[in-house]
Structure formats: structure tokens, C-alpha cells
Amino acid sequence: QQKVQQSPESLIVPEGGMASLNCTSSDRNVDYFWWYRQHSGKSPKMLMSIFSNGEKEEGRFTVHLNKASLHTSLHIRDSQPSDSALYLCAASMDTNTGKLTFGDGTVLTVKP
Amino acid sequence: EAAVTQSPRNKVTVTGGNVTLSCRQTNSHNYMYWYRQDTGHGLRLIHYSYGAGNLQIGDVPDGYKATRTTQEDFFLLLELASPSQTSLYFCASSEDSQNTLYFGAGTRLSVL
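Chains V and G, in that order, are what the protein sequence lines are. Throughout, this note's numbering is defined as the position within the first sequence, counted from one, plus 1011. Throughout, this note's numbering is defined as the position within the second sequence, counted from one, plus 12.
Don't take every hint at face value.
Computed list of lysine-lysine pairs in DSSO-like fashion (alpha-carbon distance at most 30 Å, straight line) [what the hints assert, rightly or not]:
1) V/LYS1056 to V/LYS1014
2) V/LYS1067 to V/LYS1056
3) G/LYS77 to V/LYS1014
4) V/LYS1053 to V/LYS1067
5) V/LYS1053 to V/LYS1014
6) G/LYS77 to V/LYS1056
7) V/LYS1056 to V/LYS1122
8) V/LYS1067 to V/LYS1078
9) V/LYS1056 to V/LYS1078
10) V/LYS1056 to G/LYS23
11) G/LYS23 to G/LYS77
12) V/LYS1053 to G/LYS77
13) V/LYS1122 to G/LYS77
14) V/LYS1067 to V/LYS1014
15) V/LYS1078 to V/LYS1122
Interface residues of chain V toward chain G, partial, derived using beta-carbon atoms under 8 Å [what the hints assert, rightly or not]:
16) GLY1028
17) TYR1043
18) MET1057
19) LEU1099
20) SER1103
21) GLY1109
22) LYS1110
23) THR1112
24) PHE1113
25) GLY1114
Hints in this document: simulated from the structure, not taken from any laboratory. Don't be surprised by glycine CBs; every beta carbon is placed ideally from N, CA and C.
If we strip away everything but chain V, and leave its shape as in the complex, we get (with noise of 0.2 Å):
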């Protein structure tokens, strides 16, 4: 069963508008979240992380956590069309020996 589910699978917003995207984990053990973007024919990168309930802003960037369920979303305001990638959602569940499990991602679609 997969760790970490992710929705939807793609999604498309217009240009200027807002995209939100989740993130679960089914393990109880989980103690931090990531997310990476990673553009077609990139390797992944890290946009932001957050590891205590409530909310982070980056920018454009607002990653919400509820640890009590497990879950996270990433929130893109302004989206532009360099926002189109691959958005994947990484959950440490062992920090003794750092596995890291990711998401199947969204894909994440901005049109002009």
C-alpha cells in the first residue's frame, strides 16, 4: 500500500490563478513533509518543507500541516507558467536512518 497518496493527479489552473495540491500518509510514524517540483526532463528539487502544525509561506508558496491527519498541501497563488511540473510529496517516516518515501505526484498544469 502506498505511504504517501497524492491528489488529484494532475491538475490544470489558469495563469494568475490558484492551484492546491495534497498530500496523506497513511503511517502514523511520519514525522516531516517535503515538497519537490521537478520540471519535464529535470531532476527533483526542493521547494519547501515543513515539520510543525499550522502554515509556512514562501512567496507565491503556502504549505499547510495537520499532523493529527496526516496531512499537508501545497497552495500556488499567482500560478505562471513556469509553475508546470511535476509536484511530488515526500514524508520522513525513521529519522534514525532517513527514509524518505515520496508520493506518485501532480501534475501540475498552467495555462497562458
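Put chain G on the given structure of chain V with help from the hints.
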């Protein structure tokens, strides 16, 4: 930014062949990872390591061996390659279990 170098970038082999994928990081990171990425899937963890000589089993280890010979070098071995192992392979490193992963450019492997 952390430097992670993978070689080769592309590899074609036949069913039953022997393949070694190489990864080197030059940032003295403790943790190194091997992931595979297939269409419709995110990144699936094959093996990882938190130091020279250490090896941890990931989520999809069958058919793969790995070896961490030094702090810098992490190898992935396919001793009897099968078509199901055709994939894009990423190596990554991080300083510790709660830090950002830095990915190499990837190795595209085709098993005919």
C-alpha cells in the same frame, strides 16, 4: 548547491546482463539514496545508506544490490537485468535525515 554526479547518463543492456550505476557526491553528506522513477509513479526508494559501509533496504529492493564504498560513492548493481527494470534512476544525497535531498541528473536505463 550540493553536487551529485551520476554515471552513465544513459545505458542500454540486454535481459540477463550486468549493470552498475554509479553515484558520487562531493559534499560530505552522510545519507545517499537510490530511487527509480517510472511513468505514473513518483520516486520509489530502492536502497539507501547513512554512511560508508551502511546499507538500508528501501521499498522496492528486489533485483537490486547496492554498496556504499566510501562517504562519496554509492553504487547500484543489477546482476541479472530484466525488462521490468527499465526506468529512470536517480541518486540523491543529504547531510542528515532531516535535510534537503539533492538529486543527480539521473541515469536512463533500458533493458531489452
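- Among all the numbered hints in the text so far, which are the ones the structure does not match? 13, 15, 16
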